[in-house]
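Build the complex: two chains, separate frames, hints provided.
From first to last, the protein sequence lines are chains Y and P.
Note that our numbering gives residue 222 to position 222 of the first sequence, counting from 1, and the numbers run on in steps of one.
Note that our numbering gives residue 619 to position 315 of the second sequence, counting from 1, and the numbers run on in steps of one.
It should be emphasised that the hints constitute simulated quantities derived from the structure, not laboratory data.
In this text, a Cβ means the ideal position worked out from N, Cα and C, and glycines have one as well.
One or more of the hints may lead you astray.
From chain P, some residues computed to sit far from chain Y (all C-beta separations above 12 Å) [as the list claims (entries may be wrong)]: (1) G354; (2) Y465; (3) L466; (4) K495; (5) A552; (6) D555; (7) Y598.
EDC-like, lysine to aspartate or glutamate: derived pairs with alpha carbons at most 20 Å apart [stated by the list, open to error]: (8) P:K558 with Y:D171; (9) P:K416 with Y:D171; (10) P:K491 with Y:D164; (11) P:K558 with Y:D207; (12) P:K495 with Y:D164; (13) P:K491 with P:E607; (14) P:K515 with Y:E264.
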Amino acid sequence: MAFVALGPQAPVASQKPTKTGRVALYLLLPGLFYLGLFFLTPLFSLILTSLKAPSATGVIGRYDVALEIGNYGYALGQYAPQIFRSFSFALIATVIALAISYPIAYFIGVTARNRPLLKGMLLTLVIAPFFISMLLRTFAWKQIFSNDSWLLNTLKDIGLMGADSYIIGTDFAVIFGLVYNFIPFMTLPIYASLDRLDLRLVEAGHDLYANSFTTFRKITFPLSMPGVISGTLLTFIPISGDYVVASRDFLGSTDTAMIGNVVEANFLRIQDYPTASALSVLLMAAIVILVSAYVRRSGTEDLL
Amino acid sequence: MKRELPQDPMLRDLVQMARNHQISRRAALAGVGGTAAALTLASCAPADEGQVAATDVSDSEKVLIWHNWPAYMDEDDDGNYPTLERFQAESGISVDYRIEIDDNDTWYAKVKDQLELGADIGADVACPTGWMASRLQNLGYLQTYDNDNMPNKVANIAPSYLGSAEDPDRIYSIPWQAGFAGIGYNKQAYKDATGKDAPGSMADLWAAELKGRVGLLSEMRDTVGLVLLSQGIDITSSSSLSEDAFMAALDAIKEQIDAGQIYNVRGNSYLDDLTTGNIIASTAWSGDITVINYEAGTDDDPEPFGFIFPDSGATLWADVFVTPNGATHKRNVEELINFYYDPANAAELALWVNYITPVVGAQDAAAEVDEELAENQLIFPNADTLSRSKAFRSLTGQEEQRFASAWQNLLLGA
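So that you can see chain P by itself, here it is in the shape it has in the complex (with noise of 0.2 Å):
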């Protein structure tokens, strides 16, 4: 659209020119054309060589950056950090703590490019699930922590954690906090819908009278592994965790979806549903049930919400610290992990946060602040709470792709 000519002479001139100076198509084509051969050069990515480890600065440096997920650090009414403090405190190197990480494929998409360059992430040592870190050490991004400086780690380590063919010394990967997924639910809401007192398996999910009030996690191996469970598949065997027996299982959750049972399945944010009564139950994580308690009880009904490991069983996963190649601090980070060894730390700790620590000891100096929590045995399980649960067995990178596409397109409705 064209605008009337400006009155001023000059400008009325300028304005011409402006007009009538045309790009010729031709001209504009061409320069397409050289843009788009140097993006075709951009995009030859470099061949993948092995990576090397940056060189460690810790010794002049003495800072350290750390990625990790929401509500996983103790914290004082102030939003201090009481542990990380100390360890500032005491070793003299100063924490960057960030909550970056809040679902595990997300966060991978977002460090994805620098781990393939070796470059670095932003942070000397992130906590992501376990799964996540062996696809991380899989492809070779990770530096390998040297257990001489960690002595805490080498006395203290659950022995449940050590002999994996894939890492048996734990040196890649080392466990920050554990937790189960099971199921959650509002006792009062639960006990006013069925008239019982708590659900016992993953069938009591499915229930008429729970229609439209069912949350499911959509972490899948989570909600798929309890699932699994329930059909009788061991998760932690190849052979029994086909893949025609995740599908079938993703089969059982679309009858349930279609049906209208399920509510909605979602990520950690299926905690407000729970609080805000739009679900009764829900497949749950282990620690979020006890913080929410905390938020939500009141001297009348301290424990409005409860969580029960189905009779099939419960999934049990772990976050572990990695350090990926292009980090320069790593020295500092052993020094961390050194810290979060001790079992006095690793107790209070796991008492504010109430996931199941790594850390041998860390019950017996539980137990002398708090005697009734260190029976807690969502924080401290016994070895008969351990065998109700299994870990989801890890995935070549075809399964996961397959499987990964096949759950994100049944929460796509497609």
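Isolated chain Y (complex conformation) (with noise of 0.2 Å):
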């Protein structure tokens, strides 16, 4: 859905049904096999998971197929802060992750149109950071966060920082993360609809006596959405289900822990299957629901 704001927009070609062949069927099956084995199937074991009850032999890990719909509820009222915290920080996270890329993606996509070298070399720049593995840069930053740092250490010599406050656990190290690991996915779909930006509509809103302002909000602003659109959605969703930046292992604490690590908790710590099931049905349910009112809102279905 999100990937195909990026394509062009074309006009849509008119047509009318004809015969129905088999070519178009077998050209399908592939990927009707792929979504049926890598989509419908782990869905459909996950909904039947979060629906088991304990076995009754008592047994760590030991569940029953079973209708317990309780998981649920065990579920909403024992992590409720957390879906909470896991939404919050995806939206303060793909809000300055906009407020932070699109100014990059104006640059390479219009200012720098005209000339390929630069265009090039920043496109590199903002691609990079995929180069090295997301662990081993989030690992860096806990590096540079950590209390002993040349960063720190410095922050606190000219007093911007008390001498025993710390980053590293607390909510700013976490969004920091986020913010950092997704600026590329927010980037790089708003370039691609900058980069085809008539300029001349922006030359005429000039021509019609619109200042800068109103030509950027009446004009590129409205052009550049499919990009925006994707771009939020690239960044909110998969930073909702993030775990690895909140963990305590990164930059988290016991304070910061997102729906993914109380996830990753039930999973592997404890063996509670369903509870882990049923957060991960409801983290889906809650991003369908959240991501389809705000395309709807902003107005952009034939967008998508």
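See below:
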């Protein structure tokens, strides 16, 4: 859905249905098979697991097929703060990433349009972080933010930070890490939209006595909306489920757990598969609702 | 979204054809239904039948695969394992030594499906912690070792490991290394912060001067065990260590977390926090502190980090050899165990990994190499040291589930 918005907006070709062919079915088969095997099967298994009840044998990690709707109630009741935190973090990080990415994308796609070398270099810089594993980059930030690091010592020396304050494990550290990791996902789709921006329209706006702000508001920004929507979706959805940055082994602490961390703990540490599955289903449902409301509100269904 | 049709007439026809063929919704739903039915059948796990050990092919295949924890094998400067190489040369058995266990729970999550089916977990022998081994034993997942094949083990195992109700002769699980959990601290930073030389009790970790600079191990039995001991609970007894007592200890830890006293609760990475200065003191594993002293120590200050038993006592744990039913080289494993129960080999290993060896006589063998280390109470504890440490009692399945859930929820802030 989101990726389609990256494509060119071609006029819709009108056509009437003709005879049905077998070829199409054969062409579709691999795709359907893929979808069935790797999406529907796990989804079904997930929902089935989310309704299981502990086995009567009392063995850890063993569950029987049941219809235990209460798992959802427990998951919601027990982990409401973590669910709320996930979406707040995702929202804040998405907004910050948008604020940072839009000017970058504008510069690469519009300002540097006629300077291919500069443009290529800047694009490489945006993509460069992908060359290094995300885990390593997050670990690097952990080092940079650690209590005895050069950065913190300097901040403390010049009085910007209290002597016993710290960064790792705070909301700031986690949101910073999330924004940092997802900026390329925001920048690239916006760049793709702005790169195709017809500058004659902006020119026309100026000819009609609109000032720079108005041309941006009425022409540039609306025309870049497909990129903004894709970018925000590509950022918001993965951040809501991210479990690396906020984990206690990276930038998080016991105060920053997000849904992903809760699922990880329930799945791997205490073998509570039903609760973990119920949380995953809830996360998925919440994202579908939030995203469809967002897409509907921004009036861009036809773009997606 | 639709795209313009291609100009080429043939391609145009093909695309048209592909677009016009639609699969009806009903057909799609029927497909889903079919998949669902198949899955329901598949998810009916086989009934729990008594497992039987796989046929041992050790006589024809002189190999074995060993899953173990990091930093748990003596290593020379080139990254070779001297004792293990000697074993391979002496026995003709080639050992595939893999560092696969980082945490008991995540290891269990990885192998539990194979264990449940009695299938091969990809290892002939693994060394989880004792409580995890009891879980595997109670579920009937383990093969029994044959004492006749391990004369060194029979002769040299420390008597304190024998006679438990669960496995009196140690034939399901045999100790590999043991260790203490106590308090590890940065000597200089601790003195600068508190004015004292060393912490003495768990209460010292809660001192106001250390706010935000205290770490805790995420291993439940060690951290909660230490707090329980400090509250006067006997963690070896099921009447003293009740569910109420356990939850009360969690409340005490939660209070410290909420107050901002605790910097973080981590697994083995607490060592990074200690060495980078993020924390000043932490609940810690004995051998680790010796290892980071090797790395961080200088000529002026050979031991910048210290390890103490809290006055209320330390926790004691042991990692054990186990061979699951699916493994096909048990006889080779027995030979391996026999090798490491030779005091000379055990001493060489213990002097490198710095954990407690379960082998009687290893101390004398170690004294011939390094007299000072042979007196180290963390490697060769005497009766007095051992009497100040306690092992967390075994938990029933339900207790385990409730305790572990409560502990993980505490760590998630839930």
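- prompt: Does the no-contact call for P:K495 survive, Cβ to all of chain Y over 12 Å?
  reply: holds, 16 Å
task: With a cut-off of 20 Å on the C-alpha distance, tell me whether P:K558 and Y:D171 pass.
output: Roughly 19 Å between the alpha carbons, so the hint for P:K558 and Y:D171 holds.
query: For P:Y598, which was marked as not at the interface, is the minimum beta-carbon distance to chain Y over 12 Å?
result: holds, 20 Å
field: Beyond 12 Å from every chain Y Cβ - status for P:D555
entry: holds, 14 Å
Restraint check for P:K416 with Y:D171, where alpha carbons must lie at most 20 Å apart: Outside the cut-off at roughly 35 Å; violated.
message: Confirm or reject: P:A552 is not an interface residue toward chain Y, with every Cβ-Cβ distance exceeding 12 Å.
response: holds, 19 Å
task: Quickly compare the C-alpha distance for P:K515 and Y:E264 to 20 Å and report which way the hint goes.
output: With a Cα-Cα distance of about 29 Å, the restraint between P:K515 and Y:E264 is violated, given a limit of 20 Å.
task: Find the nearest Cβ of chain Y to the Cβ of P:Y465 and say whether that gap is larger than 12 Å.
output: Fine: 25 Å to the nearest Cβ keeps P:Y465 off the interface.
task: Starting from P:K491, check that the Cα of P:E607 is at most 20 Å away, please.
output: Between P:K491 and P:E607 the Cα gap is close to 8 Å, so the pair holds against 20 Å.
message: Over 12 Å from every CB of chain Y: does P:L466 meet that, or does the non-interface label fail?
response: holds, 27 Å
message: Please verify that the nearest CB of chain Y lies beyond 12 Å from P:G354's CB.
response: Nearest chain Y Cβ is 14 Å from P:G354, so the label holds.
- request: Would you mind confirming whether the straight-line C-alpha gap from P:K558 to Y:D207 stays at or under 20 Å?
  value: violated, 66 Å
In this structure, the earlier hints numbered 9, 11, 14 are contradicted, and the remaining ones agree with it.
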